[in-house]
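Residue numbers (this note's numbering), protein chains in the order written: chain L, 1 to 265; chain H, 1 to 390.
Note that these hints are calculated values from the structure, not bench results.
Simulated coverage check for chain L against chain H, where a stretch passes if three residues somewhere in it have a Cβ under 8 Å from a Cβ of chain H: (1) 142–153; (2) 189–195; (3) 201–211; (4) 221–227.
In this text, a Cβ means the ideal position worked out from N, Cα and C, and glycines have one as well.
Below, each chain spelled out in residue letters.
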Amino acid sequence: MSSNQCVNWQGNLACLQQEGLVIKSRHTIDGIHVFGPDSDYTTLAISGLSLLSDECDIDSISVDENIDQFVLQACGYLIDENSVWSIQCSVDNACLSISRSHELDWDIEGEEMESEFHDSISKAWAEEMTAVSQGAFVSEQAYRSGASSRINFSSQQLGDIRIWPPREMIGDQRPEEAPPLSQGGVVESWTKLSAGGAPSEFSLRAPILEGIGTVFVRLDDGPCGVFLVADDNDGEIAIGSRVSFAVRKIYAQDGLIRYGLKALL
Amino acid sequence: MVDVAVVGAGQTKFGNHPLGLKGMWAESTENAFASIDGDFDPSMVDEAFIGSIAFGGGQIGNTAALLTEHTGMDNIPVRRVENACASSGFAFRDAWMAIKSGQADIVVAGGIEKMNDLSPERKRFWLGVSGDTEWERLAGLTFPGTYALMARRHFHEFGSVHDDLVNISVKNHMHGLDNEYAHIRKDVSFDKAQNGFMVADPLTLYDCCPTSDGASTVVLAADHVAKKLSDDPVWVLGSGAGSDHLALHDRPSITQLIATQRAATNAYNQAGLSANDIDLAEVHDCFTIAELMATEDLGFANRGEGGIFAREGRGIRNQGQVTINASGGLKSKGHPLGATGTGQVVEVFKQLRGEVESNRQVRDASHALTHNVGGSGATCAVHIFGRELK
Numbered sequence: 001m002s003s004n005q006c007v008n009w010q011g012n013l014a015c016l017q018q019e020g021l022v023i024k025s026r027h028t029i030d031g032i033h034v035f036g037p038d039s040d041y042t043t044l045a046i047s048g049l050s051l052l053s054d055e056c057d058i059d060s061i062s063v064d065e066n067i068d069q070f071v072l073q074a075c076g077y078l079i080d081e082n083s084v085w086s087i088q089c090s091v092d093n094a095c096l097s098i099s100r101s102h103e104l105d106w107d108i109e110g111e112e113m114e115s116e117f118h119d120s121i122s123k124a125w126a127e128e129m130t131a132v133s134q135g136a137f138v139s140e141q142a143y144r145s146g147a148s149s150r151i152n153f154s155s156q157q158l159g160d161i162r163i164w165p166p167r168e169m170i171g172d173q174r175p176e177e178a179p180p181l182s183q184g185g186v187v188e189s190w191t192k193l194s195a196g197g198a199p200s201e202f203s204l205r206a207p208i209l210e211g212i213g214t215v216f217v218r219l220d221d222g223p224c225g226v227f228l229v230a231d232d233n234d235g236e237i238a239i240g241s242r243v244s245f246a247v248r249k250i251y252a253q254d255g256l257i258r259y260g261l262k263a264l265l
Numbered sequence: 001m002v003d004v005a006v007v008g009a010g011q012t013k014f015g016n017h018p019l020g021l022k023g024m025w026a027e028s029t030e031n032a033f034a035s036i037d038g039d040f041d042p043s044m045v046d047e048a049f050i051g052s053i054a055f056g057g058g059q060i061g062n063t064a065a066l067l068t069e070h071t072g073m074d075n076i077p078v079r080r081v082e083n084a085c086a087s088s089g090f091a092f093r094d095a096w097m098a099i100k101s102g103q104a105d106i107v108v109a110g111g112i113e114k115m116n117d118l119s120p121e122r123k124r125f126w127l128g129v130s131g132d133t134e135w136e137r138l139a140g141l142t143f144p145g146t147y148a149l150m151a152r153r154h155f156h157e158f159g160s161v162h163d164d165l166v167n168i169s170v171k172n173h174m175h176g177l178d179n180e181y182a183h184i185r186k187d188v189s190f191d192k193a194q195n196g197f198m199v200a201d202p203l204t205l206y207d208c209c210p211t212s213d214g215a216s217t218v219v220l221a222a223d224h225v226a227k228k229l230s231d232d233p234v235w236v237l238g239s240g241a242g243s244d245h246l247a248l249h250d251r252p253s254i255t256q257l258i259a260t261q262r263a264a265t266n267a268y269n270q271a272g273l274s275a276n277d278i279d280l281a282e283v284h285d286c287f288t289i290a291e292l293m294a295t296e297d298l299g300f301a302n303r304g305e306g307g308i309f310a311r312e313g314r315g316i317r318n319q320g321q322v323t324i325n326a327s328g329g330l331k332s333k334g335h336p337l338g339a340t341g342t343g344q345v346v347e348v349f350k351q352l353r354g355e356v357e358s359n360r361q362v363r364d365a366s367h368a369l370t371h372n373v374g375g376s377g378a379t380c381a382v383h384i385f386g387r388e389l390k
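Build out the structure end to end from the sequences listed, making use of the hints.
Right, here's the structure in full:
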């Protein structure tokens with residue numbers, strides 16, 4: 001593994017080291033790293049693992065209680081407390097290390113975030129966790145059954161055609177499972193919804209974020225999809241722009257955070 | 001096979017209605033029954049189909065039984081029909097088929113929605129229930145967002161521009177200004193519509209229909225009964241319907257509605273007519289881009305030229321070959337989801353019989369079309385009407 005390669009990765013700051021990787025939120029308040037508006041330890045962990053997986057094979061990993069194990073499993077990682085790889089979350093920083101030995105550390109400056117914004121968005125997430133749906137409900141069962149497609153682009157194949165999101169039958173045939181799609185595509189259309197135009201699941205956070213961005217993307221492997229734009233995306237959205245994806249928090253309801261792929265430009 | 005006519009049609013005013021479901025349905029049904037020229041009694045109705053999403057969840061189960069009970073149509077087969085915003089377009093088609101099949105002679109089709117007695121929070125939940133919940137809603141989309149994606153793509157592919165949508169908004173508000181049943185009766189200037197509050201970029205408030213309360217009722221009859229009940233029946237010359245993928249990402253194109261094209265082709269073929277024969281069309285302009293695409297999908301404009309059609313004012317009342325949304329459309333008349341489809345039929349019934357306000361009358365109209373879309377185009381019903389049988 002290469003050592004001390006530091007990169008901006010999926011909106012985060014990551015440093016590959018001899019024994020693993022350290023990944024931090026790029027947002028700071030008074031020098032302390034804090035989570036972005038749709039990030040947490042789980043999104044940092046998936047981001048870090050996707051970078052580290054380019055360097056070495058990680059089949060299993062042990063995690064602590066800060067990580068949503070289901071989401072990691074949906075990305076294809078086996079959770080095993082005896083694994084040589086472990087994720088260690090920092091207690092007082094939006095930072096974690098993924099390593100084969102001890103907890104790793106790395107000092108780097110981030111971008112200052114307004115503390116008022118951070119407090120508002122954190123409070124909204126906490127409030128959202130207790131929200132109850134009144135219609136158009138994505139149940140926990142529905143969320144979990146579609147998670148590997150939503151989080152990891154798991155796809156299907158019928159003849160030469162790649163299919164995503166998954167379908168039951170096409171004509172009289174059932175498509176077969178296929179490897180995950182590559183995580184890139186081109187914007188075919190986009191919109192930014194005002195707070196009032198956003199679904200009620202986003203009604204607490206949309207005003208704080210001044211609306212939410214959505215893109216209609218033609219994926220490199222063929223299928224199309226609609227995706228939220230990551231809340232801290234800095235890139236300009238335009239038809240023809242290339243996008244990549246990262247797992248972020250989508251919304252919370254009934255005590256469960258729904259995660260999914262969001263677009264980065 | 002038996003021919004079918006509309007012999008009566010009525011509605012409530014669309015908008016913030018002071019009455020609840022039972023009261024609104026009674027009002028629209030009374031109006032429909034009163035419009036029947038001959039001797040009629042509610043007990044003559046054989047069957048009823050009532051379109052509704054049951055917005056807000058106030059009365060989801062057995063809606064139709066509750067409503068017909070309060071309008072003198074006791075003990076007959078009734079049901080609620082649900083196909084999102086196309087619910088009563090499909091209720092009308094079901095009523096037409098019931099008569100066509102020979103199982104009924106007089107059938108009521110109608111629609112109803114109560115939308116404005118909910119808290120803003122609850123309303124937002126319900127406004128998204130007809131889209132693809134698992135993938136589109138989880139990507140933050142409600143219908144303003146869905147249609148905004150279509151609009152921006154149409155701009156990109158065909159060179160249409162937001163000002164084309166502004167023209168549609170201004171036209172429909174102008175048409176609805178004198179419609180006593182319209183929700184929003186105000187003249188909207190081009191400048192005002194051009195600079196509205198952004199709801200879902202590029203769609204502003206003036207590109208979006210309002211959320212309305214309302215009910216509409218239509219009475220259909222078999223030909224041998226229609227001639228006794230009506231001095232001037234309006235004949236149903238064609239009924240077409242279609243469906244498409246619910247989610248945008250599964251469609252081959254997001255700048256056309258295949259369901260509309262299929263429904264229109266079926267209806268035109270059945271009527272033996274083409275778009276050139278239509279004098280007025282009530283089209284489903286839940287958003288201005290929806291009207292722009294509908295003018296193409298229904299054949300009034302070539303593919304990609306809906307923007308030019310709007311720019312040239314070709315849908316303005318009595319100024320072009322066809323008048324689009326003489327009622328004001330969903331944009332001005334309002335959009336009480338389940339009531340919209342049969343509300344369109346109420347307008348063409350009155351227009352073809354020369355019964356609307358004189359300054360709203362489409363001159364010399366002999367053929368009319370209604371176009372009712374469910375959600376972002378997953379379902380569509382198109383009907384063609386004429387003053388004379390073929």
